[in-house]
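Protein chains in written order, with the numbering used here: chain A, 2 to 218; chain B, 92 to 261.
Do not rely on the hints blindly, as some may be mistaken.
Stated by the list, open to error - Computed list of chain B residues with no C-beta within reach of chain A, every gap over 10 Å:
#, residue
1, Met129
2, His133
3, Thr144
4, Ala162
5, Gly176
6, Ile199
7, Gln213
8, Asp215
9, Cys259
Said to hold, decoys possible - Under the rule of at most 30 Å between Cα atoms (straight-line distance), these lysine-lysine pairs were calculated in the DSS-like manner:
#, chain 1, residue 1, chain 2, residue 2
10, A, Lys130, A, Lys28
11, A, Lys196, B, Lys120
12, B, Lys254, A, Lys200
13, A, Lys170, A, Lys143
No lab work stands behind these hints, which were simulated from the structure alone. What you are looking at is a predicted structure, and each value in this text was computed from that prediction instead of being measured. From the three backbone atoms N, C-alpha and C, an ideal C-beta is built for every residue, glycine too.
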Amino acid sequence: MHVVIINGSPRVQKYSNTEKIIASFTKGLSEKGVSFEAYAISNRKSWEMIRDAYIKNEEILIALPLYVECVPGLLLEFLETLPKKDEHTRLSFLLQSGFAEGCQLRCGEEFLSKLPGYLGVRYGGCLVKGDNFGIRVLDEEKQKQVTKPYQAMGELFAEGDGFFREEAKKFTGPEYLSLPMRLLMQFAFKTFQKKIFQKVAASWGCNTPLDYKVLGN
Amino acid sequence: MILMIDTTREHVGKQISEELLYSGGNPTKIELIDTTGMRISHCVGCNYCWLKTPGICAIKDDYEPILKKMARADQVWLISDTHFGFVSYQTKNIVDRVMPLATMYLKIKDGQMRHVMRYDHQPDFGIIYTGEGDQAYLERWCGRTALNFGSSSLGVFSVENRKEAVSCML
Chain A
2 MHVVIINGSP RVQKYSNTEK IIASFTKGLS EKGVSFEAYA ISNRKSWEMI
52 RDAYIKNEEI LIALPLYVEC VPGLLLEFLE TLPKKDEHTR LSFLLQSGFA
102 EGCQLRCGEE FLSKLPGYLG VRYGGCLVKG DNFGIRVLDE EKQKQVTKPY
152 QAMGELFAEG DGFFREEAKK FTGPEYLSLP MRLLMQFAFK TFQKKIFQKV
202 AASWGCNTPL DYKVLGN
Chain B
92 MILMIDTTRE HVGKQISEEL LYSGGNPTKI ELIDTTGMRI SHCVGCNYCW
142 LKTPGICAIK DDYEPILKKM ARADQVWLIS DTHFGFVSYQ TKNIVDRVMP
192 LATMYLKIKD GQMRHVMRYD HQPDFGIIYT GEGDQAYLER WCGRTALNFG
242 SSSLGVFSVE NRKEAVSCML
């Protein structure tokens with residue numbers, strides 16, 4: 002198997018959470034002897050090359066962050082430029098988001114499950130997982146730690162069943178947060194998490210309150 | 092205020108706003124933005140609007156005045172062509188860049204995580220589309236999008252059924 006992996010995030014690769022996830026996922030592929038070539042759409046100059054790889058290969062994986070319940074606008078623009086292919090090509094997805102619960106990604110997943118039909122290709126399933134917003138602000142070692150579970154998913158994908166196996170479905174984690182967890186998070190959101198966010202903002206050179214009303218009330 | 096944002100190639104928004112006026116819509120409370128010729132980038136996910144310059148998008152293009160109007164509007168109608176049964180990328184870009192209206196802060200609402208909105212007033216969202224839209228999916232997406240911004244969906248209408256949409260604007 003040889004996989005073409007397309008990072009569908011509009012964010013520059015250096016700061017892309019999806020890129021870090023791909024790095025861990027491809028480790029799993031390599032472990033199982035599967036080769037890959039990886040691209041990122043954030044740089045428009047590479048679009049021609051990515052299209053070419055999409056046309057010439059039959060195993061395609063698009064990894065993407067959820068943007069307002071669906072695919073990011075830039076990825077949508079890129080997808081509109083792809084030619085129709087046939088069912089020899091399999092298109093799978095790795096969908097990640099900031100919100101933690103599985104239910105938050107289902108609307109995006111539905112779009113992705115239908116997309117291969119529009120492109121004439123076969124659907125290889127969608128790996129769904131949230132709670133990834135923080136990757137960007139972690140140091141390199143912690144980034145590796147939190148993206149580590151994706152390596153096992155790379156190994157699973159290498160076995161050839163796309164993301165249809167039970168292990169891939171379980172990878173999402175809870176569909177909804179349990180009541181005790183919600184209460185705990187609610188407490189965290191109202192107290193120390195605001196301070197953590199403000200601290201991150203300060204490290205970016207921001208001293209404005211994060212809920213500042215720029216346009217007045 | 093009713094704000095229509097038209098990204099369609101056929102400029103169908105003009106006809107819809109005329110029909111709204113003809114049906115008795117208040118001309119001082121209707122605004123149509125045709126994005127033809129405007130420079131509107133996609134969201135680049137830099138997070139500046141949440142963590143560096145709260146409420147302000149880092150991209151300086153023709154989007155800023157649209158965002159300001161959206162913040163004040165009671166209804167935002169996205170008038171869009173469709174591709175893959177979904178809205179066009181031009182319309183998706185407009186929605187992706189609404190992020191400055193939300194804050195980084197989180198809350199739990201109706202059992203799910205949500206961002207705390209920056210302003211007290213939120214516009215409701217509706218869609219009018221041309222072409223082969225996936226009606227059921229667009230309804231789901233519009234509903235979820237509105238939920239994220241603490242508002243409600245006004246519904247999804249094909250351009251052929253625009254009269255129904257117009258009746259929601261009166």
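How the hints compare with the structure:
1. Met129: Since the minimum Cβ distance to chain A is about 14 Å, B:Met129 lies beyond 10 Å and the statement holds.
2. His133: Not fine: 4 Å to the nearest Cβ puts B:His133 too close to chain A.
3. Thr144: The claim is violated: B:Thr144 sits with its nearest Cβ about 7 Å from chain A, within 10 Å.
4. Ala162: Incorrect as stated: the minimum Cβ-Cβ distance to chain A is 5 Å, not above 10 Å.
5. Gly176: violated (7 Å)
6. Ile199: With a cut-off of 10 Å, B:Ile199 comes too close to chain A, as the shortest Cβ separation is near 5 Å.
7. Gln213: holds (13 Å)
8. Asp215: The claim stands: B:Asp215 keeps its Cβ more than 10 Å from every Cβ of chain A (closest is about 15 Å).
9. Cys259: Holds, because the least Cβ-Cβ distance between B:Cys259 and chain A comes to about 21 Å, which exceeds 10 Å.
10. A:Lys130 to A:Lys28: Holds. A:Lys130 to A:Lys28 sits at ~18 Å (cutoff 30 Å).
11. A:Lys196 to B:Lys120: violated (41 Å)
12. B:Lys254 to A:Lys200: violated (50 Å)
13. A:Lys170 to A:Lys143: The hint holds at about 25 Å.
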